[in-house]
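Number of protein chains: 2
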Amino acid sequence: MILCDIGNTTLDFYKNSIRSKILIDDYKDINSSDTIYYISVNEKISERLTRYNNWIDIGLCVDKSRFYETMGIDRIMVCLAVKDGVIIDAGSAITVDIMKDGEFMGGYIALGLEKSASCYAGISSKLHGSYNFEQDFDKIPKNTQDAITYAQLGLLYKDVVSYNLPIYLTGGDADKLKSVFKFATVDGDLVFKSMLEIIKGADLC
Amino acid sequence: MILCDIGNTTLDFYKNSIRSKILIDDYKDINSSDTIYYISVNEKISERLTRYNNWIDIGLCVDKSRFYETMGIDRIMVCLAVKDGVIIDAGSAITVDIMKDGEFMGGYIALGLEKSASCYAGISSKLHGSYNFEQDFDKIPKNTQDAITYAQLGLLYKDVVSYNLPIYLTGGDADKLKSVFKFATVDGDLVFKSMLEIIKGADLC
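Going down the list, the sequences are from chains D and A. Final position of the first sequence in my numbering is 463; the numbers increase by one with none missing. Final position of the second sequence in my numbering is 463; the numbers increase by one with none missing.
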């Protein structure tokens, strides 16, 4: 079975627990006869895929009323994989969502590490925007790198731990954030685990 | 007496309590015979101004050892204006600094409102990056605008109020942040107040 998580710029495939990522612009196999179960936050691609019977949109099988209308399907998927916890999905954005007893409590969207770093660099060359992942957030910073790290990761850390729930890290920058959230579970496949559950549970998919 | 706060792109003048701002590229009066007391975070302009006797660098009269070596002189100036408090200087960056009994405890540097909004928009058109300044940060967000606002302002708010100190707002976006920090004192002239104190206290300036 082939799964695919379609983002704004990439296709993230999952087959027999093996991941492979390809830029949308580089992907030439859309006409392949394989059945591919997908979710997509990319409306342009979603529209195009409706013309292919072998591309099956798993997002249509999800009860989105438990979340909110404009919430990204990728974000919903990682939430569905966790009954109790704070789920941090660190990619071009960092989404932070809180699940309690299987219920979505809400969440927020911070800027991704790379995006925010380039944003700092755009303000001033002195704010070069590399992060200190080993920083002690109990101390108020007294140097520029720590001052930037505290704003982008320290405030996030303080909020995340305040929920007193298990912490799950997923997404491309999960390993980097593991240094900050030392007790977190890193699971890069949360989105695919939910997709597999939905495929198992749904009649049509 | 004319004061000037020189940033990366603008000159911010202060004369008889009246402010006027001009883009560096538009400023043609550098040869004026007026004595101008200035601070500058713009090394290129600072270097150029050393050739003019009527431009007097107030930054040279400040004991920077109380802060940290690479801390911006504009940030140091707003800190020097406050004995006890959290000072939020909201411009292209949002600096947050903590002063206790006249001592600098540390601080951090978040992205400015405009910068971060454009950064969100660069991730996805769905993250248009306008903020809800009236948001209740006791509730975990369940819509996109609030999810972005919470990440950029909610986390900041929670940290700032945790110090239990008076809050001071300054910088170009101080009025916008007043909706978030309702009990804060807005004072756009903190940097100039410190400059005036230094000019009074110093022998050479």
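Don't read these hints as lab results, they were simulated from the structure. Heads up, some of the hints might be wrong.
Note that the list lumps identical chains together, so a pair holds whenever it fits in one copy or between two copies.
As the list claims (entries may be wrong) - Taking lysine-lysine and the DSS-like style, the derived pairs with C-alpha atoms no more than 27 Å apart in a straight line are:
#1 286 with 434
#2 302 with 400
#3 400 with 451
#4 286 with 416
#5 322 with 436
#6 384 with 451
#7 322 with 458
For clarity, every value in this text was computed on a predicted model and none was experimentally measured.
Exercise. Using 27 Å as the alpha-carbon threshold, which applies to residue 286 and residue 434: within, between, both, or neither?
Worked result: Answer is neither; intra-copy 32 Å and inter-copy 48 Å both fail.
For this session: Using 27 Å as the alpha carbon limit, work out where residue 286 and residue 416 are close: within a copy, between copies, both or neither.
Result: Close neither inside one copy (44 Å) nor across copies (48 Å); limit 27 Å.
Exercise. At most 27 Å between C-alpha atoms: does residue 302 with residue 400 qualify within a copy, between copies, both, or neither?
Worked result: Between. Shortest inter-copy distance 25 Å satisfies the 27 Å Cα cut-off; intra-copy 46 Å does not.
For this session: Go through the copies and call it for residue 400 and residue 451: within, between, both or neither, with a Cα cutoff of 27 Å.
Result: between (42 Å within a copy, 24 Å between copies)
For this session: Go through the copies and call it for residue 384 and residue 451: within, between, both or neither, with a Cα cutoff of 27 Å.
Result: between (42 Å within a copy, 26 Å between copies)
For this session: Up to 27 Å between alpha-carbons, please classify residue 322 paired with residue 458: within, between, both or neither.
Result: Close inside one copy (18 Å), not across copies (64 Å); limit 27 Å.
For this session: Tell me, please, which holds for residue 322 and residue 436 at an alpha-carbon limit of 27 Å: within, between, both or neither?
Result: For residue 322 and residue 436, neither the intra-copy (30 Å) nor the inter-copy (36 Å) Cα distance is at most 27 Å.
Checked against the numbered hints above, the structure violates hints 1, 4, 5; every other hint is satisfied.
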